[in-house]
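So the chains spell out like this:
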Amino acid sequence: ETGVTQSPTHLIKTRGQQVTLRCSSQSGHNTVSWYQQALGQGPQFIFQYYREEENGRGNFPPRFSGLQFPNYSSELNVNALELDDSALYLCASSLMFVGQGNTGELFFGEGSRLTVL
Amino acid sequence: QKEVEQNSGPLSVPEGAIASLNCTYSDRGSQSFFWYRQYSGKSPELIMSIYSNGDKEDGRFTAQLNKASQYVSLLIRDSQPSDSATYLCAAPLGGGRRALTFGSGTRLQVQP
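If you read the protein sequences in the order shown, they are chains A and B.
Start counting the first sequence at 1; every next residue gets the next number (the numbering used here).
Start counting the second sequence at 118; every next residue gets the next number (the numbering used here).
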């Protein structure tokens, strides 16, 4: 178990609705990244947060947004849901800087499975 | 766009055999690579990381990196049915981001 927790684990929404997914990072980790994993695909990088600011973004539209809080927990918000947003959303925590035994590996939570009808 | 490519499989091997999983990458500047295992319906779990050319062994797992040919492989010796999962190869996105780009994964089936 990685110590990264996500909620909710499953949810169903309809097209056009909005959703908020939550993530608590592993103790001591200051960086959170979010990934979308469609069925049969590898995870796709959405964005990353470090020190409460977005620190990199993948090829996702602005209706995907996020937040990081002072305790390093994070939220992913998706507006105007589309059918193609149905996927497993993964949160991963890590340390930003490598060194002293930390090689920057990502540790994933169990994910939030979103179904858009 | 940095890419990591994997054969989607399924790769089917008998119990006790060696499973060989391969991955190629496009960015010659990539310095580190990771293998994650993902059971159906679960999240990815890190099983191996490799940073330098050559082999790195951990129990039944051996990761191999060849930077000149831009490929990474994972060997699983004495394969067990519990090894049946999707194996994801990943490389850093770089650009100051502590994030990874993943291949689409290879599904491994170990037949009892």
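Hints were generated in silico from the structure; no laboratory data involved.
Predicted model only: the values in this text are computed from it and were never measured.
We treat Cβ as the ideally placed atom computed from N, Cα and C, and that holds for glycine.
Careful: at least some of the hints might be erroneous.
Example chain B residues on the side facing chain A (calculated, C-beta under 10 Å, incomplete) [to be verified]:
no., residue
1, V121
2, F151
3, Y153
4, G158
5, K159
6, P161
7, S166
8, C206
9, L210
10, G212
11, R214
12, T218
13, R224
14, Q226
15, P229
May I ask you to test the interface hint for F151 (chain B) with respect to chain A, counting a Cβ-Cβ separation under 10 Å as satisfied?
Holds. Min distance 7 Å.
Hint status (Cβ of T218 (chain B) to nearest Cβ of chain A, threshold 10 Å)
7 Å, holds
Does the closest beta carbon of chain A sit nearer than 10 Å to the beta carbon of P161 (chain B)?
5 Å, holds
Can we keep the Y153 (chain B) interface hint, with Cβ of chain A closer than 10 Å?
8 Å, holds
Supplied contact hint for P229 (chain B), tested at 10 Å Cβ to chain A:
Cβ of P229 (chain B) sits 25 Å from chain A, so the hint is violated.
Please check whether V121 (chain B) passes as an interface residue: C-beta within 10 Å of a C-beta belonging to chain A.
Constraint on V121 (chain B) satisfied, holds at 8 Å.
Go through the hint on G212 (chain B) and say holds or violated, using the shortest Cβ distance to chain A against 10 Å.
G212 (chain B) check passes; min Cβ-Cβ to chain A is 6 Å, inside 10 Å.
Hint S166 (chain B) vs chain A: min CB-CB distance below 10 Å?
6 Å, holds
Verify the interface restraint on K159 (chain B): the C-beta must sit less than 10 Å from at least one C-beta of chain A.
7 Å, holds
Interface hint status, G158 (chain B) versus chain A (Cβ within 10 Å)
8 Å, holds
Taking the closest Cβ pair, is C206 (chain B) under 10 Å from chain A?
8 Å, holds
Would you check whether Q226 (chain B) satisfies its interface hint, that is, whether its CB is within less than 10 Å of any CB in chain A?
15 Å, violated
This entry does not satisfy hints 14, 15, going by the numbered hints stated previously.
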